[in-house]
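Chains as they are written, first to last, in the numbering used here: chain R, 1 to 249; chain F, 1 to 304.
If you are wondering where the hints come from, they were derived from the structure by calculation, not from laboratory data. Ideal Cβ positions, reconstructed from N, Cα and C, are used throughout, including at glycine. Hints are supplied without guarantee of correctness; some may be wrong.
What the hints assert, rightly or not - One side of the interface only, derived from the structure: several residues of chain R facing chain F at Cβ under 10 Å:
#, residue
1, 56
2, 74
3, 217
4, 230
5, 233
6, 246
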Amino acid sequence: MRLMRFILTVAAMMSWQSVQAENVLVADVSRDNVAITTDFHGTNLLLFGAVNGEEADDILVIVSGPEGEVATRRKERIGGIWINTDAVIWKNAPSYYQIFTNAPLDDIASDETRRQLQIGYRHLPLRTKATNLPDKEVNGPWRDALARTLSQAELWDVKENAVSLMAGALFRVSVPLPKNIRPGDYQVRVLHMREGRLLAEQGSTISVAKSGIGALIYRFAHDYSIFYGLFAVLFAVASGWLAAVAFRR
Amino acid sequence: MYIYLPIAEVSLHIAVVIGLGGGVGFLSGLFGVGGGFLMTPLLIFLGVPSAVAVATEANQIVASSVSGVLAHWRRGNVDFKMGGVLLAGGVFGSTLGVFLFALLQKIGQIDLVIKLSYVVFLGIIGGLMLMESIRAILRARQPGAKRGKLHQHNFLHGLPFKMRFRKSKLYISALLPFTLAAFVGILSAIMGVGGGFILVPAMIYVLGMPTSVVVGTSLFQIIFVTANVTILQSVQTQTVDFLLAGLLLLGAVVGAQFGTRVGALLRGEQLRGLLALMVLAVCLKLAFDLVITPSDLYSVEIMK
């Protein structure tokens, strides 16, 4: 169904293109809502699209997940054991941030262009809670540590050459959503670049939500927490009693 | 088949979760301990956030303690009066513990405090148990050796609020069991354990209770302490994962039955020796983690 719609869009675009030689960029995702069901174990989305570009053009895809508070902490050895001493709390760090390109990022855009277009974790407009660490350190080693630790959790990444671009016209990329993703809205940015300049940008949203019994438990736990706690205790008492009776010899 | 745990927000293989419940259940049946001191660190190793591991394990211990106390109750091995004093202390302590937990979590030191508490208490208890069981095994080889005095009188017996505990054959200050249980309650809330491994030896050696009623009475009070932790954590931090607790329970119930049967075939002091070695192994593993240089000095936590 989605593929059908996409083909029609591309066809419409092609005919429109013959009249007007403006830049056109369309993209779509195989699914725009992902359900975290009880058997969820991560998934892959296929993002595909078309562009009226040239052979040497570049495509850059940025997927960024729900923002929130993320704490980075640094350990120091005190009296023989490793203890968290300093911390930087990022107020609006995306819990998922992945960049996909068809070529090495350095060849696609200069650092200045990346700063302007907010491409890459160094150029994210991150805010932190008050800290006595100097700004140079927060936005240097601490920001690098944020990216490094989250990329170990498969949540942040830069995947160069992951986008396959054919004849400067059709592109596709597989977007991995690991098992530990946060529910919420995921922003997708598709950028069409030529010789280091942005030609067109397209945005869309993927929504990730818990569903089924898991969602029910989560909502119950958050909206009726006292009853949830009482219920959990009652359930435990009942099953403990049942077990004792069932195995009584 | 993987199962996504809605509160822990991690996906684990269902066989791993039930198997973990079964394995720890087996050991707890074998040794007659709650098993929280094994389950909580193992859940954390598996990637369950420590807050969720501690709160969920409290919920599971409610069930295993109910199941355990019924057998002791039937045999009349529960001192309800002593249990009442202990549970008052335990509820007080565990309430304090839950708030302490939230505070430590906020300042980013909860993992350190959890690990340190494990190292200290498992080290002490494991060491004492090992020495005691080695002595018992040696004594068993020397027939004719005399038992020591049941308990000694010291300053603790001079405290006010004296109460008579008929079943425990004791006339002691209520402050003693209350304080003891309050202290164990704090640890229980922070470490995600029932606290039997501290409470049972303390009831025998500090309070001087007869061994026959100790386990039943301790299980009785653990039910209320862990129920209190479950409810408080549910309200305060929403970290009780009902699905995880249910699956662990499923494994633990079956595992405990096998454990009890195997345990009946082994001698008491050998069992205690084995348990001591296991407790020390967990202690050493955690101590090692605290001491070795981490591969990355920075760590990350997605808060909300």
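Right, here's what the structure says about each hint:
1. 56: violated (38 Å)
2. 74: holds (5 Å)
3. 217: holds (5 Å)
4. 230: holds (6 Å)
5. 233: holds (5 Å)
6. 246: holds (8 Å)
The structure does not agree with numbered hint 1 stated previously, though it agrees with all others.
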